[in-house]
Amino acid sequence: MAYEKRFDGRGFEEIRPMSAKAGVIKRATGSGWFKIGNTEAYAAVYGPREMFPRFKQSAEAGVLRCHYTMMPFSSAGDRVRPGTSRRGKEISAVMERALRPAIDISDFNNSVVDVFVELPQTDAGTRCAAICAASIALADAGIPMKDLVCAISAGKVEDKLLLDLEYNEDSHENGVDIPMAMLHNSKELTLLQMDGEISSEELGKAMELIKGAMDQIYDVMKSALKAKFEVKQE
Amino acid sequence: MGEIKVKNREVVVPGETLATGMDFLPSFGTYRDGEGIIASRLGLVNVEGKVIKLVPLSGAYHPKAGDTIIGPVTDILMTGWRVDTNSAYSAVLNLKDASSEFIARGADLRKYFTIGEYMMVKITQVTSQNLVDLTMKGPGLRKLTGGRILNVNANKVPRIIGKQGSMVSMIKQYTNCRVLVGQNGVVWISGEEPEKELLAVETIKKIEREAHIPGLTDAIKAYLEANKDGIKLSA
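The listed protein sequences derive, respectively, from chains V and G.
Under the working numbering, the first sequence has 30 at position 30, and the numbering climbs by one with no breaks.
Under the working numbering, the second sequence has 80 at position 80, and the numbering climbs by one with no breaks.
Hints are computed from structural coordinates only; laboratory data are not their basis.
Any given hint could be a false lead.
[Stated by the list, open to error] Here are the simulated SDA-like pairs of lysine to any residue, each with C-alpha atoms no more than 20 Å apart in a straight line:
no.	chain 1	residue 1	chain 2	residue 2
1	V	K226	G	G66
2	G	K64	V	E50
3	V	K187	G	T17
4	V	K146	G	G34
5	V	K56	G	S90
6	V	K146	G	V55
7	V	K226	G	K64
8	G	K5	V	D215
9	V	K146	G	S90
10	V	K228	G	K205
11	G	K156	V	G23
12	V	K228	G	G66
13	G	K206	V	E230
14	G	K205	G	I231
15	V	K187	G	D33
16	G	K156	G	T79
17	V	K26	G	I38
18	V	K160	V	E13
19	V	K226	G	S90
20	G	K206	V	A227
21	V	K26	G	E208
22	G	K122	G	D33
23	V	K21	G	G66
Make the full structure from the sequences, and use the hints.
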């Protein structure tokens with residue numbers, strides 16, 4: 001069987017519409033909102049602040065701590081148990097690893113930078129949306145970082161390679177889902193996971209698809225950050 | 001020959017190329033990557049001759065030697081006081097830097113400053129491990145009694161103070177309040193009339209919101225002039 005047309009009618013290498021905002025949570029040091037299709041993520045960054053519990057402090061450098069949660073009503077009708085889960089812990093951990101190479105918190109010994117991500121609405125690609133939102137929030141929080149981390153998924157349904165899977169494709173029985181995160185300039189890979197089976201040749205092609213999409217994502221994030229400081233005419 | 005890719009005073013984001021060519025020099029908030037100079041934080045571009053640096057627009061306060069800060073006492077130590085700096089690191093005010101009067105060994109230090117009291121102090125030293133030392137010896141450094149505390153973005157403090165203190169003296173003049181601004185983003189305000197004290201608070205919040213917009217002084221002057229009788233307290 002062949003996958004002729006995507007469920008939502010997009011082109012195979014077309015990304016769902018994206019929008020983003022910075023500074024959405026006023027009391028946080030920095031915050032970001034990122035929406036791609038029906039997947040939506042809020043991120044708030046607090047710190048650098050004193051690290052508790054104290055035994056987790058590092059005298060050598062600051063620590064990045066991520067917390068990912070989906071809201072109970074966020075998915076397609078099944079109530080998600082609120083709070084952290086096994087899956088949430090995994091995604092929090094891979095988010096930390098995806099974002100850590102971009103930021104420089106070596107001067108903030110014994111302190112922590114907390115990143116909290118909540119997803120009010122989900123339609124696949126949540127970890128990528130979470131990383132993008134967190135990236136905006138970290139920049140907004142004034143954390144020194146060499147680049148913004150952009151993330152998106154690629155994959156395969158039946159015989160077709162696709163960019164930016166939605167839930168129907170992500171959960172397809174012959175589907176492969178490959179979320180990736182990269183530093184936008186150097187294209188240094190900071191997250192690569194895979195669900196399903198794919199040949200190495202096709203994986204290479206999927207990576208190329210994602211590389212090609214980096215600029216689009218970066219531009220959305222960049223204009224969100226700039227819009228926060230735009231001079232408004234009264 | 002190098003080329004500047006952005007306008008002076010433009011807001012840039014991490015990863016954005018600011019200039020190309022080896023004849024430009026990266027300074028604070030930027031780094032060199034091959035031929036290019038890249039932004040390493042969110043900020044306003046400032047080009048001075050060949051040097052490109054960023055002026056931060058956001059972010060938490062980080063202690064720096066020479067800064068005058070306002071903070072509360074959080075703990076009493078063997079020979080001094082621990083003071084919150086509104087950053088990831090707390091500071092220590094040692095006995096000998098706090099007072100010129102004789103304090104006997106084992107004296108009850110609460111008699112001088114107790115937990116929760118605010119003080120205006122100066123940072124004398126910050127070590128590589130971010131241990132912070134304070135002094136209270138210097139003009140204007142003292143314990144703060146009465147008044148109210150306001151927290152602002154520490155990066156906006158220079159705009160609240162203004163050139164040679166012009167902005168803060170304008171607020172003082174219009175509102176008849178005593179205003180002290182700590183470089184850590186903590187502001188202390190004490191006034192006789194509540195309406196005018198509220199005007200001072202609202203003015204400082206307005207400066208914080210509009211700090212990066214040109215013509216700030218005139219806008220603030222107009223705002224103060226329009227509300228010079230103070231802001232009515234709502235019932």
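Structure-based check of each hint:
1. V:K226 - G:G66: violated (32 Å)
2. G:K64 - V:E50: holds (17 Å)
3. V:K187 - G:T17: This hinted pair holds, its Cα atoms lying about 15 Å apart.
4. V:K146 - G:G34: Satisfied, since the Cα-Cα distance of roughly 14 Å is no more than 20 Å.
5. V:K56 - G:S90: holds (18 Å)
6. V:K146 - G:V55: Roughly 16 Å separates the two Cα atoms, so the pair holds.
7. V:K226 - G:K64: violated (28 Å)
8. G:K5 - V:D215: holds (17 Å)
9. V:K146 - G:S90: Not satisfied, since the Cα-Cα distance of roughly 28 Å exceeds 20 Å.
10. V:K228 - G:K205: holds (17 Å)
11. G:K156 - V:G23: holds (16 Å)
12. V:K228 - G:G66: With a Cα-Cα distance of about 31 Å, the restraint between K228 (chain V) and G66 (chain G) is violated, given a limit of 20 Å.
13. G:K206 - V:E230: Roughly 16 Å between the alpha carbons, so the hint for K206 (chain G) and E230 (chain V) holds.
14. G:K205 - G:I231: holds (14 Å)
15. V:K187 - G:D33: holds (14 Å)
16. G:K156 - G:T79: Violated: K156 (chain G) and T79 (chain G) sit about 34 Å apart, past 20 Å.
17. V:K26 - G:I38: With Cα atoms ~28 Å apart, K26 (chain V) and I38 (chain G) exceed 20 Å; violated.
18. V:K160 - V:E13: Given pair K160 (chain V), E13 (chain V) holds - Cα atoms ~10 Å apart, limit 20 Å.
19. V:K226 - G:S90: The given pair, whose Cα atoms are some 33 Å apart, is violated under the 20 Å limit.
20. G:K206 - V:A227: holds (19 Å)
21. V:K26 - G:E208: Holds, at roughly 13 Å.
22. G:K122 - G:D33: violated (38 Å)
23. V:K21 - G:G66: Outside the cut-off at roughly 36 Å; violated.
When held up to the earlier numbered hints, the structure conflicts with 1, 7, 9, 12, 16, 17, 19, 22, 23 and fits the remainder.
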